[in-house]
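Chemist: Each chain, letter by letter, is given below.
There are 2 protein chains.
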Amino acid sequence: MDKGLLLVISGPSGTGKGTVCKKLCEQNPSLYYSISATSRPPRRGEKDNVNYFFLTEEQFLELREKDAFLEWARVYDNYYGTPSQKVQEKLNKGYDVILEIDTQGAKQVKNIAKEAVFIFLLPPSMEDLWLRIKGRGTDGQEVIEKRFAAAHHELQEIENYDYVVINDNVSEAVCKIEAILLAEKCSLIRNEDVLSRLVEEGDKIDLSLHRRNVKKG
Amino acid sequence: MDKGLLLVISGPSGTGKGTVCKKLCEQNPSLYYSISATSRPPRRGEKDNVNYFFLTEEQFLELREKDAFLEWARVYDNYYGTPSQKVQEKLNKGYDVILEIDTQGAKQVKNIAKEAVFIFLLPPSMEDLWLRIKGRGTDGQEVIEKRFAAAHHELQEIENYDYVVINDNVSEAVCKIEAILLAEKCSLIRNEDVLSRLVEEGDKIDLSLHRRNVKKG
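Listed in order, the protein sequences are those of chains A and B. Add 508 to a position in the first sequence, counting from 1, and you land on the number used in my numbering. Add 508 to a position in the second sequence, counting from 1, and you land on the number used in my numbering.
One chain only, chain A, in its complex shape (with noise of 0.2 Å):
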């Protein structure tokens, strides 16, 4: 069985990463969504091994010295990361596995997984982000500017990325990561073992022609 496609995405928060996501996932039974650790504690309604793997500090920490993260980061008093087995396991399983996750942990993912696909998600205009970041009317105006700010800095990461996608429309932002997908899989690249064995089944028959002409002649 082929091994499954590691993807990245990213992008600045209020882009719609989630929702995109998560209709991604529903779409493709093959694809898995990896769920990060914290040492976090959980709030009202999420759940254990659903929306977090919860992790004590300790218990965290203690991965995190066997490396058993693809990457992570301490976000204030908290750390996050994307444990690494489970994403394995899936990948060799053939499943296709999406890590949504920021810029540096991105970054920490290429340097260990090269021929992981990195997508970048845009919003149509950056007023529009202003607007949506703004329209979640939970955070007061210093907060809105900051996330603001940092979305705009974010920008400048891009070039770490193989595409970028315009969500003006989560519909199609879905079906350019599904052809982005289907297209990876087809990079030469990745076909390398479907060539030899085209290349040795060619060197049979063109030997077999050869015998049997070599017979009659």
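If you are wondering where the hints come from, they were derived from the structure by calculation, not from laboratory data. Treat the hints loosely; a few may be bogus.
One copy or two, either will do: identical chains are not told apart, so a pair holds if it fits within one copy or between any two.
[What the hints assert, rightly or not] With a straight-line cut-off of 35 Å between C-alpha atoms, the simulated DSBU-like cross-links for lysine-lysine are:
hint: 1; residue 1: Lys618; residue 2: Lys712
hint: 2; residue 1: Lys712; residue 2: Lys530
hint: 3; residue 1: Lys598; residue 2: Lys723
hint: 4; residue 1: Lys594; residue 2: Lys724
hint: 5; residue 1: Lys654; residue 2: Lys724
hint: 6; residue 1: Lys724; residue 2: Lys615
hint: 7; residue 1: Lys601; residue 2: Lys654
Given chain A's structure and the hints, the job is docking chain B onto it.
Modeler: Leaving out everything else, chain B in the frame of chain A:
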């Protein structure tokens, strides 16, 4: 309007390139199938401007002299080539353009149009290719064997291509080429203008926020 994408499709005779390209164009009105020019006389049923642009040898060589071909080749006593101007016109109008050409032609295109996308169509197996070539029923054993050996040899040229598409099912092969087109349009290098625009927009918003905060402060 965005410029179209130049798509080069090659593959050994017998892989069903023609059928795949025909269906691809039928399903995508924004695709233009590039018609080749040739100095060979029309065969029964072939129409000028439809199957080929039929030229005299003199006309062909005059155009070649003026660098009017993206690629050209002499096959026995006849010349074949892809007229650049028509391709450029269509690309500028936003059409994606398909060149169904051989591996030698593809090399020439790669030298002058690095931004083009190169797809190699493959048979599901060499046994299958052998049967398809034989199954045409119009050629003698020697011609069949030569054609198969050529196909086998052509596999060596595959390193010049970006993607390989196995044609075990025409609809699926078409679907994969459509995905490649869509994915390529999302590639980072083809979206630098989008990025510049977003960064610029972000700068303006950041600046106006800054001004307002200074005023308040």
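Chemist: Determine for every hint whether it applies to the structure shown.
Modeler: Checked hints:
{"no.": "1", "hint": "Lys618 with Lys712", "result": "between (40 Å within a copy, 32 Å between copies)"}
{"no.": "2", "hint": "Lys712 with Lys530", "result": "between (48 Å within a copy, 32 Å between copies)"}
{"no.": "3", "hint": "Lys598 with Lys723", "result": "neither (52 Å within a copy, 54 Å between copies)"}
{"no.": "4", "hint": "Lys594 with Lys724", "result": "neither (59 Å within a copy, 51 Å between copies)"}
{"no.": "5", "hint": "Lys654 with Lys724", "result": "between (82 Å within a copy, 17 Å between copies)"}
{"no.": "6", "hint": "Lys724 with Lys615", "result": "neither (63 Å within a copy, 39 Å between copies)"}
{"no.": "7", "hint": "Lys601 with Lys654", "result": "neither (41 Å within a copy, 42 Å between copies)"}
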